[in-house]
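Number of protein chains: 2
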Amino acid sequence: MIIEIISIGDELLIGQVVNTNAAHIAESLSIKGYDIHWITTVKDTAEDIKYALDIANSRADVVIATGGLGPTQDDRTKEVLVNYFGGKLVFDESHFAHIKEFFHRRNMPMLESNRQQAYIPDSAEKVPNHIGTASGMLFKKDRTWFFFLPGVPFEMMNMIRNEIIPRLQNELPPAARAQKTILTFGLGESFLAEKIADIEAELPKHIALAYLPSPQRVRLRLIATGNKREQLQEEIDLYTEKIKSRIPHLVFGEDDQTMEAVVGELLKEKKLTLACAESCTGGGIAHRITSVPGSSEYFQGSIVAYSNDSKINILQVSQESISNHGAVSETVVKQMAENVRKKFNADIGVATTGVAGPGGGTKEKPVGMVWIAVALPNKTVVEKKNFGSDRERNTIRSVYHAINMVRLGLLNR
Amino acid sequence: MIIEIISIGDELLIGQVVNTNAAHIAESLSIKGYDIHWITTVKDTAEDIKYALDIANSRADVVIATGGLGPTQDDRTKEVLVNYFGGKLVFDESHFAHIKEFFHRRNMPMLESNRQQAYIPDSAEKVPNHIGTASGMLFKKDRTWFFFLPGVPFEMMNMIRNEIIPRLQNELPPAARAQKTILTFGLGESFLAEKIADIEAELPKHIALAYLPSPQRVRLRLIATGNKREQLQEEIDLYTEKIKSRIPHLVFGEDDQTMEAVVGELLKEKKLTLACAESCTGGGIAHRITSVPGSSEYFQGSIVAYSNDSKINILQVSQESISNHGAVSETVVKQMAENVRKKFNADIGVATTGVAGPGGGTKEKPVGMVWIAVALPNKTVVEKKNFGSDRERNTIRSVYHAINMVRLGLLNR
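Chains as they are written, first to last, in the numbering used here: chain U, 1 to 413; chain H, 1 to 413.
Only chain U is shown next, with the shape it has when bound in the complex:
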């Protein structure tokens, strides 16, 4: 079965908005074994939408289109749909009741533009949107199903999960597929590839391996397609184990896990707590650690000491160390980690200090140079890294390198 996503919206084509909607839809459907074959992004004009629908009609079994159903005037999609699929726009009393109820519950006034959302083509089946005011629609043309959903991410994803997927599973069950993603940290794509080249070479044809690098990790994704899901899963598990046992120190998790969640689980398991002292990462470590639900169980807090004064006054780093070695130095990062550990009465302290850039670099301490320390109950581990000249990239790499050092510390590695 071939599925196509059509994302409608000028904002996507001028790059003002990144198409996360398409990625979220693709992810939710792939996990259930559905194969997204095409993603097409199209302007919000009648001509282009019609052209994209024609192509999709010729190659896809199921089309999921998003965008263009909101209340503001830049949305012209519904007229185009009536034109393409036939029928006419009809005022839907039951949907209007839903819209009124929606505003009533929130104690908010209803606008005229919201009333317009009650007009729905009579050639469509409605797809309920329980948390928003724009109804979804399903049209069938030749052998292709066309779903149209609003572009608001929360509403759209709610409909994908609760309406589209159950319906597809019921009426168009997927082919067998199994997959596993191995999450690694600490080595680049090409070097990982060399380490597992022989394993990759022996993969059977129906199993594909892909490398997905990003500043926070390199993911290795195995996908097997065939007939029997259980058998595919066994094969995938086998190769997963082979790869993991080849590079055990580099693997930190699988599938949807994040490094911060893995570290959270380790801290909970060992009943240990964590605190941070951040300079160049500017709160980034705390922000990632606290993105995990339940992190208050093990996370004590962070001191973002951006100025030298705050390093001295709040973190009690010695003035002398800063004068002698500079704020970006082994001595200072060590004191930051050890002092914050005591200050928050935590088991582990982690600290960063570096030159985030683009300004502030010198020959001895270039932009991108970062010192990271982890103070454990029995020792303090310090590393110096250089993550290059881009401020954002080098912040995120420092954040994840620091979290990984906590992970390795927790595993006594």
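In case anyone wonders, no lab produced these hints; they're calculated from the structure.
Since the list can't tell identical chains apart, any single copy or any two copies may satisfy a pair.
Below, a list of computed lysine-lysine pairs in the PhoX-like style, where the Cα atoms sit at most 25 angstroms apart:
#	residue 1	residue 2
1	K343	K268
2	K195	K180
3	K126	K88
4	K205	K50
5	K43	K180
6	K385	K100
7	K78	K205
8	K205	K43
9	K180	K244
10	K271	K343
11	K32	K43
12	K228	K43
13	K32	K140
14	K140	K50
15	K126	K100
16	K271	K334
17	K78	K195
18	K100	K195
19	K228	K205
20	K88	K140
Predicted model, so just to flag it, every value in this text is computed and none were measured.
Chain U is fixed; fit chain H onto it per the hints.
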């Protein structure tokens, strides 16, 4: 001129990677007046790539394809290209010298997979990649130009800026276009639309207005297309002023500005400094503020006080206030903002405390309830908000609401 972006990669179609590359390319080209008409995402298989190239050949003048040129074995694009455009793969000595030099400069070993990157179709012009090992390629077929670039974001964007755009400007100059994006905060899309409905109604046909909502702001984008750029720019400026003077309190900036950079500019202008005390935002405010280059000039630091103990011991919030009112309360957030202001010896203190969720909510203090305070030299402003049940969304909304309160405080509003 019609431009199409083709993104090659299975990872995009299973939603494991969000297609930020396409957004970045689209943004860079639109700013220069080029019109991206289509973005197509395609699997890394010969059949699908060929099909996508056929469609692009029939409708586009310029195609920019990315992905599938990396060193690892999941890339099969180059063979497909020779098949489609003709010619054969030839070992390119000068490109091989570039690859060797690349590894030599970094003091890193070269891998066999990198040597393979020196094979280039003789039917292509090379497009130099100064910061990576995969060469870009340009093929011409019928009236269409096809650029192929590696998928690594840094290399790809470097080539877009330094190779593709200059070449297009030279040989295929764009139609006239002017645009302006007005950045607003504090009111939803539908309500903004009502406020400026009459202005929108009087827009001439060649000017389009789009609403681009996100948790951190709602952007209003005006685009005019026509013949004379200066005249279009004048028209856009006129409507921009009309809209801005209708909703002055809601507008915080224009175009590429961010709220955190705008607040940074205000702080620098007024020579004031900022410090934060964060509970539910977990370092998110500090992280945003420090994402701005040069923020060390005005940002003192943050205390992320995630536990009650740290609120009491490090921020000196009174134990009694926490016992009587709870950590999520007006009294506590006020003390946090005022105390952190003194602690960092800053001019302004900003604080948050709330129930980030998904756990921890009660009837009186549901998930999503957040108290935010800004302590200014002469007064402290406190607001209570409810941002709903999603942890990530409600953290980001709290962060930006807090930064906006600092902005309004700086403007005495």
